[in-house]
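Turn these sequences into a full structure, and let the hints guide you.
Residue numbers (the numbering used here), protein chains in the order written: chain W, 1 to 441; chain G, 442 to 718; chain U, 719 to 841.
Since the hints were made in silico from the structure, they are not lab data. Misleading hints may appear alongside valid ones.
FRET-style restraints, in silico, Cβ to Cβ [unchecked claim]: (1) U:Asn-797 x W:Asp-253: 36 to 44 Å; (2) W:Glu-277 x U:Thr-832: 52 to 60 Å; (3) G:Asp-557 x W:Gly-281: 19 to 27 Å; (4) W:Glu-185 x G:Ala-612: 37 to 45 Å; (5) W:Gly-112 x G:Leu-517: 35 to 43 Å; (6) W:Ala-309 x G:Ala-504: 28 to 36 Å.
Quick look at which bits of chain G chain W covers, simulated, 3 or more residues with Cβ under 8 Å [as the list claims (entries may be wrong)]: (7) 516-524; (8) 613-619; (9) 631-640.
Each residue gets a CB set at the ideal place from its N, CA and C atoms; glycine is no exception.
Residues per chain, in single letters:
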Amino acid sequence: MTRTPIDRRQALRWLGGAGAASLLAACGGRAPEASAGTGNTASRGARVVVIGGGFGGATAARYLKRLDPGLHVTLLEPAERFYTCPFTNLYLGGLREFESLGHDYQQLRRLGVNVVHALAEDVDPVGHSVTLAGGERLPYDRLILSPGIDIRWDALEGYDRAAAELAPHAWKAGAQTHRLKRQLEAMEDGGTFVLVAPANPFRCPPGPYERVSQIAHYFKTHKPRSKILLLDAKDAFSKQGLFMDGWRELYGDMIEWVGLSGDGRVVRVDADRLEVETEFGTLHRADVLNVVPPQRAGFIAERAGVTDASGWVPVNPRDFSSAQVEDVYVIGDATEAAPMPKSGFCANAQGKVVAFAAAASLAGDPAPEPVWANTCYSVIGPDYGITVAGVYRVIDGQIAEVPGSGGVSPRGADAGFRRREARYAAAWYQAICEDTWGTVV
Amino acid sequence: MKHLRREQALTAVTRERFVLTRTVIVALLAGVALLALFGPADAAAAERPWQRLPAASALLDGAQPTVTGLTLELPLVSDDGAAVALTVAADRPVDVIHLFATRNPAPEIAVFRFLDAQVHPRVATRVRLNESQQVIALARTADGHWLATSREIRITVSGCLARADAPGADAEMTPRVRAPSRLGRGETAELLAMITHPMETGLREAADGTRVTRRLVSRFELSLADTPLFKAELYAAVSANPFLRLQWAPTTPGELQLRWVEDGGREALDRSDITLR
Amino acid sequence: MTPSPAPRMPAIGLLLSSLLIVGGPASAQSPEDHSTPPALLAAACANCHGSDGRGAWPIASIAGRPYTELLRQLTAYRNGESLDDATVMPRLMAGYSATEIETLARWFSSLPVTPETAAETTP
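Here you go:
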């Protein structure tokens, strides 16, 4: 147990109390000057630019600063208040106020992160600089991209920006979410809500299914004669059995799911008529139409040259450095990190791994061995939560789920189990937001 | 106007022929394996995936395929190996395209036979891939020349996307077809065909631990005005509810017939009339 | 009220290299052990239990809980037992080695129970 004192001291140091010298003595006699952070000239004053202030980017900035306060960390995020995609479904269901999903950057500023509310327009990977929308150039030693997703406006016939005004995607929190909420409120009892779900990969694999659950809750309490049709480009989806059990238990036959083999794949959207056409030519008319379209990495990833032909970003599994561009790390939904899902939880987990890896790299050290965990909570009803969890490591050079770990909530669990997972979901949201932005909800 | 009709007839002959074909293939494979072990080594040729896979190299029988002209479209990574979208296309007329998966329990995916120039050599389907591997396509032209290509695909196993029990929305052997009923002579259109079927591999265990019997839709045939246009042989690596998307340019009007045959002999037939402007 | 994070943030540097060095010996202990630095290992818990182990009810606050208690509980989860009201913990702990679980137990037992006590606890 020789490691005990080291762990303990490090834990305390993490909180900002321990003395540097005592710590180093415990670690095999390296002089304080040789260490990263306060001492190492290699990393002292090094500039790290983080693009994107969501779960990935804000976490990376916060952990970098906690790891090494001597680093110059700049976070670029256009929004002064960031609204999370997670839990927007609960807002649509009436279980949550929209404002409770907003987070500002005051705590990151207090920590010493230079938060700049500007849009990053271009990256010069050779010259190591980022160009802002105003033309200003920011030099970097290491760049961390957490650009999230962009909608592929060219991928689904009839679904362009104008169509999204009539048939919102609501797959980014904000105006689109409000639009969908207003449409649901304006819909007459007895109407049909149609959600179009995309093929993999896309942001938040359980998202479409949690969304129809929450909208079913809203209908059940306000418009009980209404129907929900979920047209899916897949034959299998995240937590499928649990969702379907929950739908039956809470909402009877209100929700109908049509998968790929049942001709659920939508190939054309007519937003003016709120009508969609499937692969084999079936037309479905909606009173409220929610199209979750195909997606790709946020545009700045393409500008930085880190995307591949798929539109997503290949990364080196161990440290999430770009497989294509040096000194650039990419995290979150933009990456090809499967089997890790495109979730806020994973973006946060990747943000930490990248903070350690970038700091190590600046100090001339190899990236530490990573481990990631993920728990996706989905709230089917006010007292009905379900989860899927996973622990991921680099196995044989690739990200893999640790065999025997993870998995979904048990089928047929009792009401108490479901209620607890719904309560845990709310507490999880509070914890991850604190861990990401330092904010207390 | 389209009318659907299902004909169910058990043809024992089909099954015997199927078994026979398998025996021949196994014998061929054994032969190739022996050759590979004891024959002269050709290091350069061994680099090519179709040279390494006995089922593919048996087909080539020593021929050196051209590596341009045939393309395989597959995602780089797939979260769901149970249904991976695949498109294979040749830039010139071909008689046949063979698809193989190098690391599935059995390498054969499907064979597409282009019997008439009205069907273009471009087919999309959905396939099962057990693990990360290479997918190989081989095509033979009318003059016996081979084209070859291969693509690496990564299959990830994710508990997040674990599928539930297959929802039985439609009865088995229910066809779904999308074909334009009216189009210009020689105009290129898409033809989509799907049939509800579990495509039991014979490798799956039921809840009670017993093995589920292998049962596949193993043949698909397309004809227009009694002229055979296209045939497909489907193996266990084709996803449940086999899906095919073809490109065609019909030159004669008449009855369009699509026929699916289960390896036990059960059939489904879809008929519709095509008129040309 | 929201406590200012300043006092509990690392006013002095978190000496990164030393964190990394600690990972070294762990990898030599047994084949199933991984050399993830304790701070990074523990960071994976923060998504639910908070950056400093102080979870929001009803998720357990694990900062400052006795080492033996944490070790016993995490090990039970790892063995597939669902203690108390846990739902997801057995599924997560199944992905960690026994040594990692010891490290985690030690890490969180060392953290102060409340932010206010952080300054007193630190040497």
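**Item:** Hints violated by the structure (listed by number, smallest first)
**Value:** none
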